[in-house]
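Asks: Residue numbers (this note's numbering), protein chains in the order written: chain A, 1 to 244; chain B, 1 to 183; chain C, 1 to 547; chain D, 1 to 225; chain E, 1 to 343.
There's no promise every hint is true.
[Said to hold, decoys possible] In silico DSS-like pairs for lysine-lysine, Cα to Cα no more than 27 Å straight-line:
1) C/K436 <-> C/K395
2) B/K91 <-> C/K197
3) A/K191 <-> A/K152
4) B/K36 <-> C/K465
5) B/K173 <-> C/K469
6) B/K81 <-> C/K469
7) A/K193 <-> A/K165
By construction, these hints were calculated from the structure, which means they are not laboratory data.
Bear in mind that the values here come from a model prediction, so they are computed numbers and not experimental data.
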Amino acid sequence: MSDPQDRLPLDDTPPAPGEVQRQPGAMKVSARTATVLLLFTIVFTALMAFTHDMTKPILDASAQAQKLKLIGEVLPPTLYDNDLLADAVTLPATPALGLDEPSLAYRARKGGEPVALVFEACANNGYSGRIGLVLAVLADGRLRAVRVSQHKETPGLGDYIDPKKDKNKSNPWIEQFSGQGYDLALGGHWKVKKDGGRFDARAGATISARAVTNASGKALIWIAERRAALFALPAGTTLQEKTP
Amino acid sequence: MITALLVMALGAVLLGAALGYAAVKFRVEGDPLVEKIDGILPQTQCGQCGYPGCRPYAQAIANGDADINCCPPGGEDGIRKLADLLGREFKPLSGEHGVEKPKSVAVIDENVCIGCTLCLQACPVDAIVGAAKQMHTVIAPQCTGCELCVAPCPVDCIAMVPIAESMDSWKWKYPVIEIRKAA
Amino acid sequence: MRRLFGFWGGIKPDSHKNESTRLPVAKAPLPSLLTVPLRQNAGASPRIMVKAGDPVLKGQMIAAPEDGLSVALHAPTSGHVRAIEARAIAHPSGLAGICAIIEPDGAERWVELEPLDAARTSPEQLRRRLREAGLVGMGGAAFPSYVKAGGTAIDTLIINGAECEPWITCDDMLMRTRGEDIVGGAIMLRELLGARKLLIGIEDNKPEAIAAMRAAATRADPGLEVVAVPTRYPAGGEKQLIRVLTGLEIPYGKLPSHFGVQCFNVGTAAAVHRAVSRGKPLISRLVTLTGNVAEPRNYEVAIGMPVNELIALAHPQADTDRYLMGGPMMGFALPDLAVPVVKATNCIIAASPTLFPAPTPEMPCIRCGACAQACPAELAPYELYWFARSQNLGKCQEYHLFDCIECGCCAFVCPSRIRLVDYYRYAKSSIRAREKDKLAADHARERYEFRLAREEREKQDKAAKLAAKAAETKAKLARASAGDESAPASESDDKKALIEAAMAKAREQTTPALNTDVHRMTAEQQAQVTVAEARHAAATATAAKDT
Amino acid sequence: MNAYREITHNGLWKQNAVLGQMLGLCSLLAISNTAVNAISLGLATILVMGMASLIVSTLRGLIPYEIRIPVFILIIAALVTVVDMAMNAWLHELYLVLGIFIPLIVVNCIVLARVEAFAAKNPPGAAAFDGVMMGIGFVWVIGLLGAIREFVGQGTLFAGIDMVIPGLSAIQVLPEDYPGFLIAILPPGAFFVLGLMIAGRNWLDARANERARQRLLLAGQSSHA
Amino acid sequence: MLNSPYITKPASVSAVMFKVLAALLPGIAAYVWFFGAGILLQIALASITALAAEAAVLAMRGKPLGLFLKDGSALVTAWLIALTFPSIAPWWLIVLGVLVAIVVAKHLYGGLGQNPFNPAMVAFCVMIVAYPQLMSQWPAAGFTDFAAEFRAIFGADRHLDAIVMATPLDALRTVLRLPETRATVEGVLGSNATFGNIGGRGWEWVALGYLAGGLWLIQQGVISWRVPTAFLATLGLISGAFALVDATQYAGPTFHLFTGGAMLGAFFIATDPVSGATTVRGQIIFAAGIALLTWIIRTFGAYPDGIAFATLLMNICVPLIDMRTQRPVFGRKTGKTPDGRQP
C-alpha cells in the first residue's frame with residue numbers, strides 16, 4: 001500500500017526501476033539479478049560473521065555468569081571458594097528428583113571441606129506442567145534454599161512459588177523451606193498444612209505449593225542420603241547407584 | 001564462517017536467478033484493477049478530479065498517484081466503494097475538486113443560443129446536437145451533468161438544471177430514527 | 001377434505017373485521033369532480049384519447065392500452081373532461097401524476113355495451129376484452145389481468161378470497177353479495193386458462209362469505225372447490241395462499257404460472273364476469289371505509305372519487321389524525337386527502353392515536369430472532385436490517401432482500417420496535433437506483449469511448465487529407481517544372497493514383513484505431529461516416545428506451 | 001524543511017506504524033508488559049529502521065526491481081542479527097527478556113514497509129530520517145502501552161530498569177499493597193490497552209477533522225460575505 | 001410520516017429482561033438458604049453499580065437515559081455477575097467486574113444489542129485472570145453467618161479460613177491432579193461429607209432453582225427450549241461417555257449438570273440473544289459448543305469452571321455460525337415441492 005505522500009519531491013531519480021521501458025531477455029535479467037543478490041549476500045554475511053566473532057567470547061562468559069547467578073540464589077558465593085562449575089558430578093535419571101534425564105550436581109567446598117550440593121529437581125504435578133527447581137543442600141543435610149527455575153503456573157494464583165512473582169517480598173513463601181532438615185521430611189512432615197504437614201500454602205492455590213513442597217522434600221531425602229558418596233566422587237564422573 | 005558465506009552465496013545465486021527469470025516470464029500485462037476502479041467511477045467525464053476523464057483518474061488511483069477522494073460526482077458513496085475496493089481508509093471528499101451536487105442536466109436556452117458549436121466540442125458524451133449557425137439542444141437522457149459545456153458557451157445560454165423527482169425516480173428515504181428524549 | 005399446507009411464520013393480529021360488515025354495501029354518491037389517474041396498472045401508462053372539454057359517457061374508454069403492459073381506462077360516469085393535468089395521487093411519495101379530471105353530469109348515461117358469450121368467444125378475443133375493459137388485479141398489485149389470463153399451461157386456478165389484512169372487508173362483502181359474479185368470472189378464467197382445478201381460498205374467519213361462495217359454487221359447477229384456510233396473516237399473500245392450497249413454493253423471480261398455478265383476486269374474478277358477460281369495464285369497486293368512524297361500512301365507489309368526499313360518508317370521529325389507504329400492515333398513510341380512489345384501493349382506514357398508537361421509540365436490535373420466526377418469506381430479517389441500516393446493499397442482496405414481500409410481520413413482532421420494513425424499502429429502492437445509475441454510467445462510458453475513437457479518426461482523416469493535398473501539390477509542381485502538357489490524361493491518372501494511395505494508407509491507419517468499436521457496429525463495410533451515424537442513432541434509441 | 005516536517009508528522013502520528021497502519025503488532029503486544037521492555041525493543045527497532053533505510057536508500061540505484069524484496073530482507077536481517085548479537089553480549093539480562101522478539105524485528109512489517117514504501121524511492125538523508133521517525137513513532141506507542149500496562153497491572157513504572165542502566169530502580173507509583181490488575185500484564189491486557197489507544201487516536205483525529213471542517217465552513221462563509 | 005405496519009404486538013425488551021430477572025429468584029433463594037444472605041448484598045452492590053455505570057456511559061454517549069435504563073439489560077448483567085462471582089468476594093471485586101462488563105464489554109462495543117461478547121462472562125473472565133485467588137474463594141455450604149459474610153465483603157481485614165471452601169469442581173480437579181494420592185472421583189465426592197451426592201452440597205439445590213426458573217422462561221416464550229436442551233444434552237453426553245470409559249477419573253453427568261454454573265449457563269447465559277447465535281440450527285450448535293468447551297475446560301483446563309471461557313469462545317464463532325446456518329428462504333429449498341417439480 002503506497003500512499004501518495006510516500007513520494008516526496010526530494011528525489012530526482014526515476015521512481016521505480018521496473019518502469020523503465022527496456023525489455024531485456026529472461027536469461028540476461030536472471031544473470032544480473034543473481035549477481036546483484038550474490039554481492040549483497042557476501043557483503044552482509046560478512047558483516048554478520050564479523051559481529052559473531054566479535055561477540056562470541058562475551059557470550060560464552062555471560063552464559064557462565066548466568067549459571068552462577070542461578071546457583072547464587074540458593075547458595076551465596078561467599079559460602080564456598082572452589083570453582084563450583086568445574087567441581088561437578090553427573091546424576092543419573094532419577095525418579096526421586098523427578099528427572100528423566102541425567103543432570104549435574106555441583107559440589108561447593110570451602111577450604112576443601114564439603115559445604116553444600118547444588119542440583120536440579122523437578123515437580124511433575126504442578127497445576128500446569130512441570131516446575132523446575134534448583135536446590136542447595138548443606139553438608140549437614142539441611143536444605144540451604146530452593147528456587148523455582150522455570151514453571152507455567154497460573155499467573156497470580158500459583159506463581160507465588162517463584163519469589164520474583166510473590167507479592168510478599170519481605171518473606172517470600174519459598175523461604176520457609178530454608179534451613180529445614182531432612183529429618184522433617186523423613187518424619188513425614190514435609191507437607192503443606194492442608195495435608196498435615198508443616199508448611200503454609202495460600203488459600204485457594206494449594207496445588208502449586210503442594211507440588212513444590214513434595215518435590216523438594218523427596219529430592220532433599222534422596223540427596224541428603226547420598227551426600228557423602230556424592231562429595232567423595234571424583235569430579236566429572238557419574239554417580240553409580242547400586243540396585244537394591 | 002566460510003561455510004556460512006558459501007551457503008548464503010549459493011542461495012543468493014539461485015534465488016536471484018529464479019526471481020529475475022520469473023519477473024520476465026510471468027510479467028502481467030494490463031491492469032485489471034484499473035477496470036474495477038473505472039467501474040466505480042460515475043463516468044461523467046467531467047474532469048473535476050484533474051484528469052482528462054474517468055479512466056485516466058482510475059489509472060492514476062491504481063498507480064497511487066491520485067487520492068480516492070477527488071471525484072465530486074461520485075460523492076461520498078463512490079469514495080466509500082473505492083475505499084472498500086482498495087482497502088484504504090475512507091476520506092471525505094477533498095474540497096479542492098468541488099462539492100457533491102444534486103444530479104443535473106444541461107439545458108440550452110434556445111432563444112439565446114447562437115449556434116457556435118463550442119459546447120458540442122466540449123461535451124464528452126456527444127449529448128448535444130446541433131450544427132454551426134443552428135440552434136443546439138441537449139439530449140437530456142444522454143447528459144451526464146458534467147458541466148463542461150457551461151464554461152465554453154460565449155453567450156452563457158447553458159444552465160444546469162437539477163433533475164426533478166418523478167414517480168419513477170422516487171426513492172424510499174433512509175429511516176430516520178427518532179428516539180424521544182425519555183428523560 | 002383437501003389437504004392443506006402450512007407456511008412458515010405469519011402473525012395473528014386483531015382482525016377488526018366485524019366493524020365494517022354490520023351494514024350492507026352501499027353505493028357511494030357521485031362526487032362533484034372525479035380525478036382519474038392515467039396510470040392505475042403496473043407497467044406502462046395507457047395513451048390518453050380525450051382532451052379538456054370533451055364530453056364522455058359512462059364506461060367510455062378515455063385512454064387506450066399502449067404497447068407493453070398496459071390496460072385501458074374508462075370514464076367512471078358521464079359528463080365532460082375538465083382537464084388533463086398532474087394531480088396528487090395515492091402513493092406514499094405524495095408526488096403528482098397525470099389525471100383526467102371529469103365533471104359528472106349526473107345523468108350516468110352508459111356508453112353502448114357489448115356483452116360477449118364466453119363459450120363462443122375465442123380466448124384471444126376474451127383476453128382483448130379483459131385488456132380493453134381495463135382489468136387489473138384488485139388485490140393491490142394492479143397487475144394487468146389479460147397478461148395473467150394467457151400464456152403457459154395452467155393446472156390449478158386459485159381465486160384469492162383470503163383477505164388476511166385486518167380491518168379490510170371489501171372482498172368479504174363482495175363474496176357475500178356477489179358470489180355468482182365471482183364464480184362466473186372464475187369459471188371463465190378457468191376455461192380461458194384451460195385449468196383442471198379451480199379452488200377458492202377463504203380465511204376461516206369469514207364463515208358467511210364461505211357459505212355464500214359454497215352456495216354459489218354448487219349452483220354453478222360442483223367441481224369448484226371453496227376451501228377454508230386457517231386465519232393467519234399473510235395467508236392472503238399470493239405466494240402464501242398458493243403454498244397453503246397446493247404446497248408449492250413460488251420463489252422470487254418466478255411466476256406462479258411457471259408451476260402451473262395462477263391466482264386471481266375475488267374482486268378481479270367478479271370484474272371479469274362483468275366485463276365479459278355484461279360488457280362493463282372496470283369503473284367502480286368496493287372500498288371498505290372503517291377505523292375511527294361512526295359508520296364503518298363498504299361502499300361501491302366510482303374510480304376517481306376523491307378520498308375526502310368518501311370519508312365524509314362515514315363520519316370520522318374528531319380525534320382522527322390520519323387516513324390509511326390499504327390495511328394497517330401494508331397500506332400507507334395518505335399524504336393528501338384529495339387523492340382519488342383507484343382500481344387498487346381496497347380500504348380507507350381512519351386512524352386515531354387510540355386505534356393505532358404512535359410507536360414507542362426504537363431500541364437497538366437484540367437479535368432475539370422473533371422476526372425470523374414471523375417472516376413468511378423465511379428470510380433473516382435481523383440480518384437484512386443490519387445490512388440495510390449500514391447501507392451494505394450487496395449483502396442485502398446476498399441475503400435475498402428482494403424475496404421480502406413487505407408484509408410487515410417482522411416489524412409487528414419486534415420487541416425493540418424497529419421499523420424493519422422501512423429499512424427494506426429503503427434498501428430495495430437504493431439498489432434499484434444504483435442499478436439504474438450503473439446502466440447510465442456504462443452507457444456514458446461507451447459514448448465517451450466512442451467519441452475518443454471518433455476524434456482520433458478525425459485527426460487521422462485530416463492528416464490523410466493533408467498528405468493527399470501535399471502529394472497533389474507536389475505532383476502539380478513536378479508537372480509544372482516538367483512543362484509537359486502533352487499527356488494530361490496520364491497526369492490526372494497519376495494524381496488520382498497518388499490520392500488513392502494516400503487514402504488507402506489513411507484507412508489502414510484508421511481501421512485499427514476503430515477496431516475496439518467495430519464489433520458493435522452493424523455494417524463494417526459501410527463508409528465510416530454511415531457507420532458512425534448508424535451507431536449514433538442506435539445509441540440514442542437505446543438511451544431513450546432506458547429512460 | 002517542509003518535507004522533513006511531513007516525514008516527522010507521518011512517523012509520529014499520521015501514518016504511525018502501530019496506531020495508523022497496525023503493523024508490527026506481534027512483537028508490540030508480546031513485549032509491552034513493562035515500560036522498560038517495551039522501550040528497549042522500540043530502541044532496537046529504531047536502530048534497525050534507521051540503518052536499514054539509510055543503507056537501502058544509498059544502494060537503491062543498485063538494487064534491481066525484481067529482487068528488491070530479498071535484498072531488503074537480507075539487509076534488514078543482517079542488521080537485526082548484528083543488533084541481536086550485540087545485545088546478547090552487552091545487555092544480556094535484557095536480551096533474556098526480549099528474547100525471541102529481537103530476531104523477529106526482521107519480519108516486523110514496519111521495517112520492510114518503510115524500506116519498500118519510502119527508502120527505496122527517496123534520498124538517503126530523508127530515508128534515514130523517515131526510518132528513525134517511524135521508529136520513534138513505534139517507540140512512543142509501545143512505550144506508552146508498556147507504561148500503561150505496567151502501571152495498571154502492578155502499580156510500578158520502569159520495573160527492571162536496572163537491566164539496562166544498572167543502579168537505577170523502578171518507581172513505585174501506587175502503594176505497595178495495590179492488589180494489581182494482573183490481566184493488564186497478561187496478553188489479553190495488551191489487546192485491551194492497544195484497542196483503547198487506537199480508539200483514542202481515532203477520536204482525536206475525528207475531533208481534529210471536525211474542527212478543520214468547521215474552520216473551512218467559517219472561511220467559506222466569510223469569503224462569501 | 002410513518003409507514004406501515006401501523007400495528008405492533010405488545011412486546012418490549014424490558015419485559016423480556018424483567019422476566020429473566022424473575023426467573024433467577026428460585027436459584028437465589030436456594031443460594032441464600034445454603035450460603036447465607038451475603039449473595040443479596042452482592043446482588044444489590046452489582047445492581048447499583050451497573051445502573052450507575054450504565055447511566056454515566058449513556059449520558060456520555062448522549063443517549064436517552066430513561067429509555068435505556070428501563071430496558072433492564074444492565075440489571076440482568078449485574079445479577080449474572082453477582083451469581084457467578086464468589087459471594088464472599090470483596091466488594092471492590094464485584095464493582096470492578098460490573099464496571100468491566102458495562103463499560104468495556106457492553107458500551108465500548110456500542111451498547112445494548114451491539115456487544116459481541118456476553119458482558120457478564122467477560123467480567124468473569126477478566127476478573128478471574130486478574131484476581132484468580134479472590135475469584136477462587138467460595139463460601140462453605142451451610143455457613144450462613146451474615147456478619148462474617150459482611151466482614152468478608154466489606155471488611156479491610158479478611159479472615160476467610162473459616163468460611164472458605166473449595167467448590168466440588170475445584171476439589172475434584174485438585175485431588176485428581178495429584179498422581180501419588182491415586183484419588184478417584186468417588187473418593188473425592190462420595191466420601192466427603194461436605195459434598196452433596198449430586199453436584200455438591202447446596203450447589204445442587206441452587207442449580208435446581210435455576211432449572212425451575214429456566215423452565216418457566218421457556219414456558220413464557222422468553223427463551224427457546226433448544227438452547228438449554230442442546231447445552232444440557234451435550235454436557236450430559238460427553239461427561240457420561242467419559243465416565244463410562246473411566247469412572248474413577250471422570251465425573252459423571254449428574255455431577256457435571258448440577259455443579260458449578262451448568263444450569264445458570266444453560267438457561268441464562270447461553271440464551272443471551274445479543275451475543276448468541278440467532279438461527280435455529282445456530283442456537284443448537286452454539287449451546288452445544290459451549291457445553292463441550294465447558295467440559296473440556298473443567299476437565300483439562302487451568303481455571304475452575306469453564307462456562308465463562310467457553311461462552312466467550314463460542315461468542316467469537318457466532319457470526320460464522322449464523323452465516324453458515326441460514327435457512328433456505330421461501331421457494332429456494334430444493335426438493336420441497338410436493339409433486340416433484342423443481343422450482
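Asks: If a hint holds in the structure, say so; if it does not, say that too.
Replies: Checked hints:
1. Our distance criterion of 27 Å between C-alpha atoms is met by C/K436 and C/K395, whose separation comes to about 19 Å.
2. At most 27 Å may separate the alpha-carbon atoms for a hinted pair to count; B/K91 and C/K197 exceed this at roughly 62 Å.
3. Between A/K191 and A/K152 the CA atoms are separated by roughly 22 Å; this keeps the pair inside 27 Å, and the hint holds.
4. Between B/K36 and C/K465 the alpha-carbon distance is near 39 Å, which puts this suggested pair outside the 27 Å criterion.
5. Using a Cα cut-off of 27 Å, the hinted pair B/K173 and C/K469 is violated, with the two alpha carbons roughly 63 Å apart.
6. Restraint check for B/K81 and C/K469: the C-alpha separation of about 52 Å exceeds 27 Å, so the hint is violated.
7. About 22 Å separates the Cα atoms of A/K193 and A/K165, which keeps this hinted pair within 27 Å; it holds.
Violation of the numbered hints given earlier is confined to hints 2, 4, 5, 6; the remaining hints are satisfied by the structure.
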